[in-house]
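Since the structure of chain X is already known, use the hints to place chain F on it.
Sequences listed follow chains X and F, in order.
Going by this note's numbering, the first sequence runs without a break in its numbering and finishes at 161.
Going by this note's numbering, the second sequence runs without a break in its numbering and finishes at 571.
These are computed hints drawn from the structure, not numbers from a lab.
Just so it is clear, CB atoms sit at the ideal spot from N, CA and C, and this is done for glycine as well.
Some clues are possibly wrong.
Pair ranges (Cβ atoms, derived) [said to hold, decoys possible]:
id	chain 1	residue 1	chain 2	residue 2	range
1	X	Arg91	F	Gln479	16 to 22 Å
2	F	Gln474	X	Gln119	42 to 48 Å
3	X	Leu130	F	Glu536	33 to 39 Å
4	F	Glu530	X	Glu106	34 to 40 Å
5	X	Gln81	F	Ala539	33 to 39 Å
6	X	Pro161	F	Leu526	46 to 52 Å
7	F	Gly460	X	Thr68	46 to 52 Å
8	F	Arg567	X	Pro161	28 to 34 Å
9	F	Ala459	X	Ser118	40 to 46 Å
10	F	Glu530	X	Arg109	16 to 22 Å
11	F	Met484	X	Ser102	25 to 31 Å
12	F	Met484	X	Glu106	23 to 29 Å
13	X	Gly66	F	Gly520	44 to 50 Å
14	X	Gly108	F	Thr462	40 to 46 Å
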Amino acid sequence: RKEVEQDPGPFNVPEGATVAFNCTYSNSASQSFFWYRQDCRKEPKLLMSVYSSGNEDGRFTAQLNRASQYISLLIRDSKLSDSATYLCVALYGGSQGNLIFGKGTKLSVKP
Amino acid sequence: NAGVTQTPKFQVLKTGQSMTLQCAQDMNHNSMYWYRQDPGMGLRLIYYSASEGTTDKGEVPNGYNVSRLNKREFSLRLESAAPSQTSVYFCASSDPLRGRDTQYFGPGTRLTVL
Numbered sequence: 051r052k053e054v055e056q057d058p059g060p061f062n063v064p065e066g067a068t069v070a071f072n073c074t075y076s077n078s079a080s081q082s083f084f085w086y087r088q089d090c091r092k093e094p095k096l097l098m099s100v101y102s103s104g105n106e107d108g109r110f111t112a113q114l115n116r117a118s119q120y121i122s123l124l125i126r127d128s129k130l131s132d133s134a135t136y137l138c139v140a141l142y143g144g145s146q147g148n149l150i151f152g153k154g155t156k157l158s159v160k161p
Numbered sequence: 458n459a460g461v462t463q464t465p466k467f468q469v470l471k472t473g474q475s476m477t478l479q480c481a482q483d484m485n486h487n488s489m490y491w492y493r494q495d496p497g498m499g500l501r502l503i504y505y506s507a508s509e510g511t512t513d514k515g516e517v518p519n520g521y522n523v524s525r526l527n528k529r530e531f532s533l534r535l536e537s538a539a540p541s542q543t544s545v546y547f548c549a550s551s552d553p554l555r556g557r558d559t560q561y562f563g564p565g566t567r568l569t570v571l
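Same shape as in the complex, but just chain X (with noise of 0.2 Å):
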């Protein structure tokens, strides 16, 4: 099986801080990766695409290293809000392939 592997956490952190995650995929030819927001007892929304070079989006930054087969996610400057599992999902098969979900990294922001 194709594996997405991912620390459960869960991180604490104060209001503020900076938190990184990282995520492992097991298969180098899976194209494009994706990270998911799932706050408790509701569904997961897409928060960001991961691509080759990097993207950003406010204060989320979304790392692809293709040699090392690990995808980050830093959130800077936290917000409460922020307290979630984040699932990160890779895509096999090309664009009509399936995702593979990770089971998630709990983030819970502390006042």
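The following block gives chain F in isolation, referenced to the frame of chain X:
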């Protein structure tokens, strides 16, 4: 624009009972999916439908059947429920312009099989 909707939100079944989980999307997406999510496990794909009239097995299809009724609706059926099927079930659909990467999820159905 409701996105992806699922019914019911909660369900309790006895072992051996059958039921159908309903899913509908109003985003004109071609592809639809059924996942299950268990504690300590990632989301796992049960079945998917790349387009109206087609369905394919995912990672964990045993014990389930699906029907792509039309472009909007994709149902999941448990013919004879087992305790191992206690889970949270999510339906999703994807934007055809981007392939399958951007998947939009419904709110989930929490199923307990006694």
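Check the structure against each numbered hint from earlier and tell me which ones fail, lowest number first. Structure breaks hints 3, 7, 10, 14.
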